[in-house]
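A.B. asks: The chain contents come next:
2 protein chains.
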Amino acid sequence: MLPIAVDAMGGDNAPCEIVAGAKRAALDLGIPVVLVGRSAELGDTENLAVIEASEVIAMDADPGSSVRRMRDSSLVRAATAVRDGSASAMVSAGNTGATMASALLRMGRIRGINRPAIAIPVPVPGGTHTTLLDAGANAECRPEWLVEFAQMGCVYARDRFRIDRPKVGLLSIGEEAGKGNKFVKDCFERLNESAWAESSGAEWIGNVEGRDVMTDHVDVVVTDGFTGNVTLKTLEGAMSALLGRLLAAIDTDDRTRRAGEMLAGPLDAMVAELHPDSTGGALLLGVKGVCVISHGSSSADAIANAIRIAAEMVNVNMVEHLSAAVRKK
Amino acid sequence: MLPIAVDAMGGDNAPCEIVAGAKRAALDLGIPVVLVGRSAELGDTENLAVIEASEVIAMDADPGSSVRRMRDSSLVRAATAVRDGSASAMVSAGNTGATMASALLRMGRIRGINRPAIAIPVPVPGGTHTTLLDAGANAECRPEWLVEFAQMGCVYARDRFRIDRPKVGLLSIGEEAGKGNKFVKDCFERLNESAWAESSGAEWIGNVEGRDVMTDHVDVVVTDGFTGNVTLKTLEGAMSALLGRLLAAIDTDDRTRRAGEMLAGPLDAMVAELHPDSTGGALLLGVKGVCVISHGSSSADAIANAIRIAAEMVNVNMVEHLSAAVRKK
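Sequence order for the protein chains is E and A. In this text, residue positions in the first sequence follow this note's numbering: the first is 1, and each later residue adds one. In this text, residue positions in the second sequence follow this note's numbering: the first is 1, and each later residue adds one.
Don't read these hints as lab results, they were simulated from the structure. Heads up, a few of these hints could be off.
[To be verified] Keeping only pairs whose Cα atoms sit at most 25 Å apart, straight-line, the calculated DSS-like set for lysine-lysine is:
#, chain 1, residue 1, chain 2, residue 2
1, E, Lys167, E, Lys179
2, A, Lys179, A, Lys167
3, E, Lys167, E, Lys182
4, A, Lys167, E, Lys182
5, E, Lys185, A, Lys182
6, A, Lys167, E, Lys185
7, A, Lys167, A, Lys185
8, A, Lys167, A, Lys182
9, E, Lys182, A, Lys182
10, E, Lys167, E, Lys185
11, E, Lys182, A, Lys185
12, E, Lys179, A, Lys182
[To be verified] Label-pair distances were calculated between CB atoms; the ranges are:
#, chain 1, residue 1, chain 2, residue 2, range
13, A, Asp84, E, Ala177, 37 to 45 Å
14, E, Gly174, A, Ser39, 29 to 37 Å
15, E, Asp251, A, Asp28, 26 to 34 Å
16, A, Arg258, E, Glu203, 37 to 45 Å
17, A, Asp216, E, Arg255, 25 to 33 Å
18, A, Leu2, E, Asp60, 50 to 58 Å
19, E, Asp268, A, Asp216, 41 to 49 Å
20, E, Gly174, A, Glu175, 28 to 36 Å
21, E, Glu320, A, Gly126, 43 to 51 Å
22, A, Asp268, E, Glu320, 49 to 57 Å
23, E, Asn315, A, Ala195, 53 to 61 Å
24, A, Asp253, E, Arg71, 32 to 40 Å
Just so you know, these numbers come straight off a predicted model, no measurement behind them. The beta carbon of each residue, even a glycine, is placed where N, CA and C say it ideally should be.
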């Protein structure tokens with residue numbers, strides 16, 4: 001396998017945690033990795049290959065203009081490496097908008113896809129992850145794009161979570177067909193009528209609600225990028241609030257703190273199951289290459305997971321499956 | 001105080017739990033209550049007054065047509081009692097759409113309000129509830145309505161949670177002014193320009209994100225009814241998934257079960273703090289009367305809480321405060 005290009009300069013904890021995660025993926029998991037960035041700033045890379053890139057796109061920079069202007073940035077170089085066939089995939093914890101723009105500009109769109117979408121795996125306690133898309137690439141969507149999101153989400157759920165016939169639902173505010181705003185009703189009609197479900201091997205289950213996302217009632221939740229991003233961040237906020245409240249409950253007195261120690265193992269497992277770092281980040285689906293967008297706050301663990309997922313998606317030929325799925329529509 | 005009219009027939013657990021909750025409010029909290037429904041089906045009401053109503057609007061009935069058609073339904077009779085001055089407020093755990101339609105049709109809108117909105121108090125661990133509105137009354141909104149929602153949310157946060165100068169934010173997908181879809185950007189401009197914040201005594205803090213809802217960063221989150229309902233149900237789903245996962249962690253083995261017993265007190269307090277039953281349901285703001293919409297699955301506790309909140313909002317003159325707030329815009 002060609003190496004995974006890892007943007008060493010992107011993320012709140014770059015380059016230190018990024019390089020540490022890349023080393024872990026290379027040494028512990030045996031995945032070929034190439035770092036992209038300023039080699040002089042990367043510290044001890046333990047002989048990992050480096051693609052030199054002199055510029056860094058800041059976390060809060062304007063995506064479009066910085067990608068056009070900073071051609072020697074780590075992000076643009078990473079995307080270029082995939083396009084040129086010197087890397088098999090890219091991973092970045094940097095500026096999300098700039099990561100999307102770099103991938104789109106350098107790798108290009110898959111034929112038949114109007115807009116790439118961000119797919120997020122949401123953990124389901126005791127079940128299989130639910131794929132939520134679009135989680136933020138397109139704040140404004142046309143109804144026909146959501147059919148493409150459904151097709152892509154279906155491929156991803158199959159390639160990543162081995163769900164043979166994913167249950168696909170449209171995020172709305174009631175299960176009945178007539179529920180939602182005008183946009184969602186239009187999307188429902190298209191998703192309900194077209195032949196995408198049969199050609200994609202999906203089970204179209206109609207409208208689903210916010211409370212279904214963290215359950216096994218649905219495998220792929222389709223929505224516009226605005227609603228998807230609100231949903232994702234609401235979930236993150238709820239997790240964080242609840243886990244914080246749980247720690248406070250355990251910290252009540254000596255007796256409860258002792259109980260907390262007795263529960264340490266199962267509670268650590270619970271946090272690991274629900275923590276974003278374990279899911280390996282989001283995928284930008286619809287570009288001609290595998291592009292993993294990690295959380296800005298990614299730790300070395302999160303980066304190692306992201307690289308592992310990128311390698312899995314390369315090995316399973318996800319991009320070809322996406323192309324085939326939309327050709328059939 | 002005039003009695004609170006309680007729809008005895010509405011809700012998954014009606015009439016049993018509703019009557020039990022009404023009795024609790026009357027006997028334990030000393031709040032005057034009148035039940036509305038089929039007196040023959042209410043069991044032992046311990047001398048609570050009853051307004052006779054022969055019809056029941058089903059949980060899944062079409063709201064508009066059933067309210068127009070079923071004038072002798074418990075919901076319509078409860079709303080009529082408020083309009084006629086024989087009750088001070090109404091409480092129902094029945095069909096949400098029909099509750100809104102009854103209140104709107106019988107009580108009418110407050111002058112200056114285009115559309116009533118549902119305000120939901122979201123628990124904030126260790127902090128003050130965040131008021132989310134519109135949580136589902138209007139799937140499709142105009143930007144100017146959100147200014148009214150902001151004004152009403154501000155009054156509610158002050159009357160209910162005693163927040164003198166509520167921090168009001170617009171739900172979006174980034175904190176910067178330019179973030180969001182076209183609708184949200186339009187709302188931002190209106191909320192940012194108009195004099196509502198000063199006249200309402202609010203602190204306008206601009207865009208907020210889903211992850212802020214369960215924190216004290218914001219007191220009132222303004223959004224359209226589609227996004228608000230998705231957010232609310234996503235929060236409910238996350239709570240339910242996480243609490244379920246926590247119980248599974250405690251149920252690992254004998255040792256962890258013993259730890260769970262040691263933690264029972266603080267964990268019960270945590271669940272009580274976060275459970276929807278404790279917050280007393282949603283308020284329909286913008287109609288000429290206090291209307292509390294309780295969860296369909298409301299227990300007796302939830303109904304007693306809803307009646308308590310209704311009485312508080314009557315005593316504090318919330319409806320007059322709402323009228324005064326929108327007159328100033």
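A.B. asks: Take the C-beta atom of Asp251(E) and the C-beta atom of Asp28(A), compute their distance, and say whether it sits inside 26 to 34 Å.
C.D. replies: holds (33 Å)
A.B. asks: For the pair supplied as a hint, Lys182(E) and Lys182(A), is the alpha-carbon distance within the 25 Å limit?
C.D. replies: Answer holds: Lys182(E) to Lys182(A) is near 15 Å, not above 25 Å.
A.B. asks: Hey, Lys167(E) versus Lys185(E), does the alpha-carbon distance stay inside 25 Å?
C.D. replies: With a Cα-Cα distance of about 19 Å, the restraint between Lys167(E) and Lys185(E) holds, given a limit of 25 Å.
A.B. asks: For the pair supplied as a hint, Lys179(A) and Lys167(A), confirm whether the alpha-carbon distance does not exceed 25 Å.
C.D. replies: holds (19 Å)
A.B. asks: Given the hint of 28 to 36 Å, check if Gly174(E) and Glu175(A) actually sit that far apart at their C-beta atoms.
C.D. replies: holds (30 Å)
A.B. asks: With a cut-off of 25 Å on the C-alpha distance, tell me whether Lys179(E) and Lys182(A) pass.
C.D. replies: holds (22 Å)
A.B. asks: Evaluate the given range 49 to 57 Å for the C-beta pair formed by Asp268(A) and Glu320(E).
C.D. replies: holds (53 Å)
A.B. asks: Between Asn315(E) and Ala195(A), is the Cβ distance one that fits in 53 to 61 Å?
C.D. replies: This hint holds: roughly 60 Å between Cβ atoms.
A.B. asks: Measure nothing beyond the straight line between the CA atoms of Lys167(E) and Lys182(E); if it is 25 Å or shorter, mark the hint as holding.
C.D. replies: This hinted pair holds, its Cα atoms lying about 23 Å apart.
A.B. asks: Please verify whether Lys185(E) and Lys182(A) have alpha carbons no more than 25 Å apart.
C.D. replies: Judged against 25 Å, a Cα distance of about 19 Å means the pair holds.
A.B. asks: Between Lys167(A) and Lys182(A), does the CA-CA distance stay at or below 25 Å?
C.D. replies: holds (23 Å)
A.B. asks: Regarding Arg258(A) and Glu203(E), is the given constraint of 37 to 45 Å on their beta-carbon distance met?
C.D. replies: For Glu203(E) against Arg258(A), whose Cβ atoms are near 43 Å apart, the range 37 to 45 Å holds.
Checked against the numbered hints given earlier, the structure breaks hints 4, 6, 19 and 24 and satisfies all the rest.
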